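Colleague: Dock chains C and D against the given chain B, drawing on the hints supplied.
Chains as they are written, first to last, in the numbering used here: chain B, 1 to 381; chain C, 1 to 439; chain D, 1 to 294.
FYI, nobody ran anything at the bench for these hints, they're computed from the structure.
A quick note: this is a predicted structure, and the numbers were derived from the prediction, not measured.
Please note that a few of the clues may not be correct.
To be verified - Here are the simulated DSS-like pairs of lysine-lysine, each with C-alpha atoms no more than 27 Å apart in a straight line:
id, chain 1, residue 1, chain 2, residue 2
1, C, K173, C, K356
2, C, K78, D, K237
3, C, K50, D, K111
4, C, K173, C, K328
5, C, K252, C, K419
6, D, K76, C, K359
7, C, K230, B, K340
8, D, K111, B, K79
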Amino acid sequence: MRSVLASDIAEKLWSWLRALFALALLALVVKFLATYLPKQQSLTPTVVLGSMKTVGGFVALIAAFVVALEFVLYVILMKLLKWKHALAYMLVAPGMVGIALLFLYPFSYNIAIAFSNRSLERFLPGAYSYGLAFGVENFRSVFTDKILHDTGFWEVFARTWLWTAINVFFHVLGGLGLALLLNRTLPLRGLYRTILVFPWAIPQVIVALALHNEFHYQYGFVNNLLVSFGLPRVQWLSEPVPAFVAATISNIWLGIPFMMVIILGGLQSISHEFYEAAAIDGASGWQQFKSITWPLLQPVLTPATVMGTIWTFNAFNVIYLITVGGPSEKTDILVTALFKAAFEFYRYGQAAAFALVIFVILFAVSATWIQLSGGLKGVTD
Amino acid sequence: MKKPIFTVLALMAVLSLMLSACGPTPTPVPPTKPPIATTAPPPTATAAPKPVKLTMWNKEAGEPLDWSIAQTKAFTAKYPNITFEVVNKGVEDLRNDYQTAALAGTGPDFLWTVNDHIGVFAAAKIIQPAEDVFGKDYFKKFVQPGNDAAVYEGKIWGVPISVGNHLMLLYNKKLVKEPPKDTDELIKMGKELTKPDGSQYGLVYNLNEPFWLAPWMGGFGGWPLDESKKPVVATLNTPAVADALEFLHDLKYVHKIVPKEADYNAADSMFKEGKAAMLINGDWSLSGYQTITVAKVVDLGVARIPKVKKTDKWPSPMTSGVYFLINKDTKGDKLDAVKKFIDFMVTKDVQVDFVKKVKGRLPSLAEAAADPAITADPILKGSFDQMAVGRPMPVVPEMRCAWDAMRPNQEAVMGDKAKPADAAAKMQIAAEDCIKKLK
Amino acid sequence: MKGLIRWFFFRSRGDSPFKLLLIHLALIMACLIAIYPVARVVSISLRPGDRLLSTDLALIPRDATWSNYTRLLASKDFFLWVWNSLTVTISVSVIGVILAATSAYAFSRWKFPGRAPALVLLLSTQMVPAIMMLIPLYLMFVGITRQFGIPLVGSYLGLIVAQSAVGVPFSIWILKGYYDTIPVDLEEAAKIDGAGPLGAFYRIILPLSTPALAIVFLFNFMASWVDYILPRVILPKPELFTWPLGLQRLQGQFQTEWGMFAAASVLVAIPSMALFLYSSKWLISGLTLGSVKG
Chain B
1 MRSVLASDIA EKLWSWLRAL FALALLALVV KFLATYLPKQ QSLTPTVVLG
51 SMKTVGGFVA LIAAFVVALE FVLYVILMKL LKWKHALAYM LVAPGMVGIA
101 LLFLYPFSYN IAIAFSNRSL ERFLPGAYSY GLAFGVENFR SVFTDKILHD
151 TGFWEVFART WLWTAINVFF HVLGGLGLAL LLNRTLPLRG LYRTILVFPW
201 AIPQVIVALA LHNEFHYQYG FVNNLLVSFG LPRVQWLSEP VPAFVAATIS
251 NIWLGIPFMM VIILGGLQSI SHEFYEAAAI DGASGWQQFK SITWPLLQPV
301 LTPATVMGTI WTFNAFNVIY LITVGGPSEK TDILVTALFK AAFEFYRYGQ
351 AAAFALVIFV ILFAVSATWI QLSGGLKGVT D
Chain C
1 MKKPIFTVLA LMAVLSLMLS ACGPTPTPVP PTKPPIATTA PPPTATAAPK
51 PVKLTMWNKE AGEPLDWSIA QTKAFTAKYP NITFEVVNKG VEDLRNDYQT
101 AALAGTGPDF LWTVNDHIGV FAAAKIIQPA EDVFGKDYFK KFVQPGNDAA
151 VYEGKIWGVP ISVGNHLMLL YNKKLVKEPP KDTDELIKMG KELTKPDGSQ
201 YGLVYNLNEP FWLAPWMGGF GGWPLDESKK PVVATLNTPA VADALEFLHD
251 LKYVHKIVPK EADYNAADSM FKEGKAAMLI NGDWSLSGYQ TITVAKVVDL
301 GVARIPKVKK TDKWPSPMTS GVYFLINKDT KGDKLDAVKK FIDFMVTKDV
351 QVDFVKKVKG RLPSLAEAAA DPAITADPIL KGSFDQMAVG RPMPVVPEMR
401 CAWDAMRPNQ EAVMGDKAKP ADAAAKMQIA AEDCIKKLK
Chain D
1 MKGLIRWFFF RSRGDSPFKL LLIHLALIMA CLIAIYPVAR VVSISLRPGD
51 RLLSTDLALI PRDATWSNYT RLLASKDFFL WVWNSLTVTI SVSVIGVILA
101 ATSAYAFSRW KFPGRAPALV LLLSTQMVPA IMMLIPLYLM FVGITRQFGI
151 PLVGSYLGLI VAQSAVGVPF SIWILKGYYD TIPVDLEEAA KIDGAGPLGA
201 FYRIILPLST PALAIVFLFN FMASWVDYIL PRVILPKPEL FTWPLGLQRL
251 QGQFQTEWGM FAAASVLVAI PSMALFLYSS KWLISGLTLG SVKG
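Chain B extracted, bound-state conformation:
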């Protein structure tokens, strides 16, 4: 009896503590703003009102476009044609029209440049010309010439897949593991979850630079950890394999929180009753995971993994901030090579062809993947 009372009190105390903490934080923020807002001149009430007004105007403009589009669709599809799919089209239209417009022009521009002889000395429109032969030459050069100084396409291609596979595997594994641990009633759960999303919430630029330093030969955390276990120091950033490992570890660290949050959301929507029924049948934890959690997670996990793969394949920032592709181009992946081709070597035609090659690779892979996992199916299929 006494202990029940104690647990009640503890529960109360706990919630008060949390409330107190939140209040303290709020007070801190208020005090901070009260101290520094009057000291600066750039953010004045006029500026605030002005930007509210412009942004409000822009949002209204976008809304007006959407309403106009919906109205046209409503009149044509619903009233005139009385089509049974009218509602679906009306729901999908605003997003799809916008995306298609924003995607197709840049995409076709890229195709055009891939079939041109544009270079630094033929840079402005009018100075370069289009032709099938230029396109053939550009695509040929992607595969048979060196795309970097010393490295050809296939080496970078293989490395990109290795990079993608390792990263996505650990993102899903880490995200899934943490999500499973957190998906239960647990004291301090909120706190854990908040801390675990730190890597996602802190701006990537600075945190990648900080990570870069942790791989420093002498002063980095990683080497000092190795030394404390009696292992030799590693020249993380000047040896090819360690540099690749360093970049991979950094990217895994950065990517896990996102997967964790996605999977946690997926786990929330799996009904408890499945587990309760399974427990009655005497299923072990592993069996429950295999026959309930994993299959029911698929509708969420498949798109997240496919997208994750595409993003990691095209992940430019981390490689650039941690190794810049070095040493000796041994950590370059396709997209960093593409960046160099376009913005450092000014091979515009080749770069555009290169971008299309990357697109086709990703397209083929994700199409196969989605077909195999049935990711396009909806509940009504």
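Modeller: Chains C and D in isolation, oriented as in the chain B frame:
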């Protein structure tokens, strides 16, 4: 699944063909009036000069940026009809964004940027030669390295604001009494100043960066490009380059006076913490070592990078500078206003003010360089002294090929993965390959 | 004491005390790994003299100082940048979530002609490397600005449109996945009660998918909040700068004011952290699904 893929691909192909057939050529540029620029209020008084609003993109950050904005305001106070919008951009961003903006015809009226951009922008025909705007004689008032580093295909393309940007030897007087005179002395002193436990090194610098290799190339009698040839050729496969690589390799592996790993920030931090006796760094960094907190640890001295014993030559750091470049579309009233402003920026008073406010940079105006503000300051004097043996950095786009060819191979040598001579040969091949594709 | 221990375990019924201990240990370990590099960023922000790297392994430097924070807040336009970022980011997230929530519903519930190609197109947009799309996108925006006078360049409008479009494909795919896990019988029941298809969506689907909506909101928010490349090209006006552009003022070609840069990074993480904390409550409300499902 088969069907949707084909549908999408077919759709994309058709649309793309349609769009490319029409030619996705960007809308032609109306040369006089960039349409996105804020339109100035219509002129009211008849006598008052027409209001002009100029946009300048500026590569600076921190102190020099603040100074440049203050100067635009001072100028507007003098000529109220000319106002400015100063947009700061990182150096690489400025290069990429200016090219993008030039395609759309929305570029700024003029730029404040590094000399490396001259070659790229001139080759792409998106800036106009400063020589045509100001006349050849205008450039007589600048120190020679300032003009040299702005020449592309025989013409001067930019007006120098500041010259230098060169590497030099910085040393901490609390650890080093007299700077080394030659490389033998450097190695000897370096060994004395390096502690075996890694708590102090004789010399630090950005080990794997070709910019830090260039002075030694010159010191051993070589240089990355031969600009006197037409077309420009790479000259990386030479004994001089191999010697320079070997020298740097030996500093790390034979004499062990530099750390195993050091990039720019590591070298900078170690020097600031008093854990490195000597540092090779550029003039831009000088102010950072004279702040109150750093001065507790570092008593800064500046000297030339020590003479190469083998050749009896001074290493020649690349000198360049910061320049005003003018957009090819800037014409009429705007061009006049830009000219007026640039004129104002290279007057003696403004240039001396620049040296005083932005610590460590050298002025481009010869008259300002002779001012006591510089000659009386031991650090600036040392910097000026180093610049005298520097060589202008080539502005031709081929230089980027040389940089990119040097980097991986320098890394290989510094990682003890390649012999200096082989690395030099590979640099040459890579640079030639890149130059060929540039055309 | 006993009561406290009992309470501790009471809150996590279903797991044995030993298992619980292991879970806590694993989570604490993960938290340490997650927090260490972040703590180093804080540590850089407390260092005087702009040292990005420290030879000192201590997390709190011996010469720690708040001066980077006070200098940043007093002298730079930091508040303006954050304000600009906030207005853009919130608009983008709200627009993105509304567009995605409605589109994804159609993709999940109806098999209309063109559905599969549309889904594939959405995915395709993520496949062309972003750096190659940037220049043509800008040229297109400039063209539209000139032809129709819609200020897509040099104002927030273009940025809001472009950033919304960047986040929506992923949001649609993820939301469709969550919607697919909600059984269609629930809506049938609502329709029997007299609700139209949109009423069923509003009354049944939306409340059940708050975790997914929260995740999509977070995703859009973070993507827009830290975006550097799009605003860099679209907003070349200092008074419109978002914070990632503003921070460029601290980052020179070689010399960077790392102390202030890190301080600013810590400060801009506060809104996103606050959002994560606040969204916790939405992230778990999906549990009601079990009870509705019956």
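Colleague: Indicate, hint by hint, whether the structure satisfies it.
Modeller: A quick look at each hint next to the structure:
no.: 1; hint: C:K173 - C:K356; result: holds (23 Å)
no.: 2; hint: C:K78 - D:K237; result: holds (24 Å)
no.: 3; hint: C:K50 - D:K111; result: violated (63 Å)
no.: 4; hint: C:K173 - C:K328; result: violated (49 Å)
no.: 5; hint: C:K252 - C:K419; result: holds (14 Å)
no.: 6; hint: D:K76 - C:K359; result: holds (20 Å)
no.: 7; hint: C:K230 - B:K340; result: holds (26 Å)
no.: 8; hint: D:K111 - B:K79; result: holds (21 Å)
The structure is inconsistent with the numbered hints 3, 4, although it conforms to all the rest.
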